[in-house]
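Undergrad: Listed below are the residues making up each chain.
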Amino acid sequence: MRTFNRRHAFQLIAQLSLYGSIISCHRSDQVQQEDELVLLSGMAYELMPYPALPSQLYLNAAENILARDPVQAREGVSALREMTGNTYWSGLRDSEREEIIENLQNLPFFVLVRTVTIETLYREQAMFDLLGYGGSAIEHGGYINRGFDDINWLPGEIN
Amino acid sequence: MATRFELDDESVVVVIGSGAGGGTVSSELCKKGVKVVCLEAGARLQLGDIVNNSPEMFGKLSWLDYRVGEEDAPDGLPVWNCKTVGGTTTHWTACCPRLRDYEFRGASTYGEVAGTNLSDWPFPLAELEPWYTKAEAMLGVTGTNDIERLPPSNNYKVMEAGAQNIGYKDIDTYNMAINSSPRNGRSACLQLGFCSSGCAINAKWTTLFNHIPEAEQSGNFDLRPQSMATQLITGLNGEITAVEYRDSNGSLHTQKARAVCVAGNVVETTRLLLNSANEQHPNGLANSSDQLGRNYMRHMMTQIFALMPGEVNMFKGTQCAGVIRDEIRHDPSRGFSAGFQYHTVGLDPEQIAKTLVDNGWGKEYADVMLKYKNLAGLIVTGEDFPQTDNRITLHPTQKDQYGLPVPVVRYKWHSNSLAMRDYAKQKAQELYESLGATQVFTIDDFGATHNMGTARMGLDPATSVCNPWGQTHDIKNLFVSDGSLFPTSGCANPTLTIISLMLRQSDYIAGLIHSGEM
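Heads up: the protein sequence lines correspond to chains Z and R, in order. Count the first sequence with this note's numbering and you get residues 16 to 174, in order. Count the second sequence with this note's numbering and you get residues 583 to 1100, in order.
Warning: the hint list may mix true and false statements.
To be verified - Covered stretches of chain Z, going by a simulated chain R footprint (3 or more residues, C-beta under 8 Å):
1) 71-81
2) 85-92
3) 96-108
4) 143-156
To be verified - With a Cα cut of at most 20 Å, we get these calculated DMTMM-like pairs of lysine to aspartate or glutamate:
5) R:Lys945 / Z:Glu114
6) R:Lys642 / Z:Asp144
7) R:Lys945 / Z:Glu113
8) R:Lys955 / Z:Glu114
9) R:Lys955 / Z:Asp109
10) R:Lys945 / Z:Asp109
11) R:Lys936 / Z:Asp84
12) R:Lys936 / Z:Glu117
13) R:Lys936 / Z:Asp109
14) R:Lys953 / Z:Asp84
15) R:Lys953 / Z:Asp144
16) R:Lys936 / Z:Asp144
Derived by calculation from the structure, the hints in this document are not laboratory data. Beta carbons are placed, not taken as given, at the ideal position from N, Cα and C, and that holds for glycine.
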């Protein structure tokens, strides 16, 4: 796999948006392209890895990313495919995946994937349970009788 | 059956906006026998529409139309205010401090500060005190009127313990417009933890469920939700004769008026007055001073979160019921002018994940999130100084869905604010580390919820937009009725001051009407 820098990543995405599908047509002799949902969910996991969460949630994130901004998402997927070459995402080493994301850091595609991944994962009950977050409180009468002031590790008499 | 006035009824006062400013001035005028048509851009929610779901309520309450942000104002959402009946009083966290005496006398207190356009308020604190007292009783502010303060939450206890460790003394659960016991038809707080998403049990005061129904009971109040004011029309004598607005179908209507109170929060108030420019007022209405839109202030604000050695569960309870007041003073020995306050803040996991570290990602970041229960947090609110070029203007070409020019919000931090921020962050870090915090995070960039200054009051029409009553210098029957009026920001959350100013302004307006002057 080639080494990329940010300038290359910028140029790549700019090129792809200019020439659209022309580049992908030229690759018909390569192995089957990795599915866009798989790539996006792989990147989503890289950004927010929670092995305890069902992998389905990361596929949901991928679908939501495509729905939120299909143009930006597909440009990003094309860039990812270029950066991974013939290797599927799951076949890359950790350090390679990390390097790819670092080159995409703070670009609009990165922001899209990060924002939508957070919104997908953090609205799930499975995540609430993982974090110990209570979610909606009104149906339980709030926290006035459910520990809003039960702190027990502060020194002195504050507890 | 709801009250409805005719479009050609010239005897009505038109109020634009239904929040802290518009809701208060409307309700007070109605109770004094004045007919009011209130145009609110947003929809009217019922109590059942308020749910404990932060993203859903963000979508329902917030003003989400695109605004340009420049310099230190985030593009897209430079300002976080609301588009709904009740305005930003649906979203606010109900902190109700008063401004201090020295903050009213900003120019006199701080002297010449390079790069600022400081000015004193055109009256001292003593003038506003009776109105503050009236507002506190009306809202049921804890810590006043023999109303007990809210009980201390875990997040508060952490802040209090750390504060005492570093020598602070003036700490309590704050003056809040949130009932500690049932009062005036509103519930007592159940510590739901969703204050900024709207209070689902009406324990937190809002004009939506308080001033608005009161106004309706008078029979003098015609509230028109989903009505976007687009232009103010002036007559031959230069006074306002009517307000043009679009309804929810996009149809244009013209409502005649004897007077107009503009309470759209700084962005919409500025935009409406600028956009109503005509031959007589080519620079915008009431803008002979060229100060309209300028002197925009939003407080120095920063949030600090810390990973503590044990559980805090900051989501369990009111988001902001806790304050440290020791730094509210002018003391240049600290390296900056003016003062600031700390108050507790709680955020839900999604908000933390999005903002704790700017574009944070990866295993390390995810692992911090897994310790969400151990996060404690506070927010710093400091005085920022008016600068001439911190301003709200109209985009030269971009238009919105109403055909109006998109607002441009330009704000640059002053060096005084940066020095204050550095000091406050350092202290907050010490506060949390004194209790064993293992990691401290700061969040600096977010849409401003405290917005002030763009139509400031003053005695001199050359350097201010409005007189001490909020009446514009240039147009006798045009009033500004929101935080745009503030000549200085102080470091107090602005809502109580806005409401107090409006209790006073409505007295003045009713006086003009009843004496036949307007």
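Undergrad: Against each hint, give a clear statement of whether it holds in the structure.
TA: Each hint, compared with the structure:
no., hint, verdict
1, 71-81, "violated (count 0)"
2, 85-92, "violated (count 0)"
3, 96-108, "violated (count 0)"
4, 143-156, "holds (count 11)"
5, R:Lys945 / Z:Glu114, "14 Å, holds"
6, R:Lys642 / Z:Asp144, "26 Å, violated"
7, R:Lys945 / Z:Glu113, "10 Å, holds"
8, R:Lys955 / Z:Glu114, "31 Å, violated"
9, R:Lys955 / Z:Asp109, "29 Å, violated"
10, R:Lys945 / Z:Asp109, "11 Å, holds"
11, R:Lys936 / Z:Asp84, "19 Å, holds"
12, R:Lys936 / Z:Glu117, "18 Å, holds"
13, R:Lys936 / Z:Asp109, "24 Å, violated"
14, R:Lys953 / Z:Asp84, "31 Å, violated"
15, R:Lys953 / Z:Asp144, "12 Å, holds"
16, R:Lys936 / Z:Asp144, "19 Å, holds"
Of the numbered hints given earlier, the model fails hints 1, 2, 3, 6, 8, 9, 13 and 14; all others are met.
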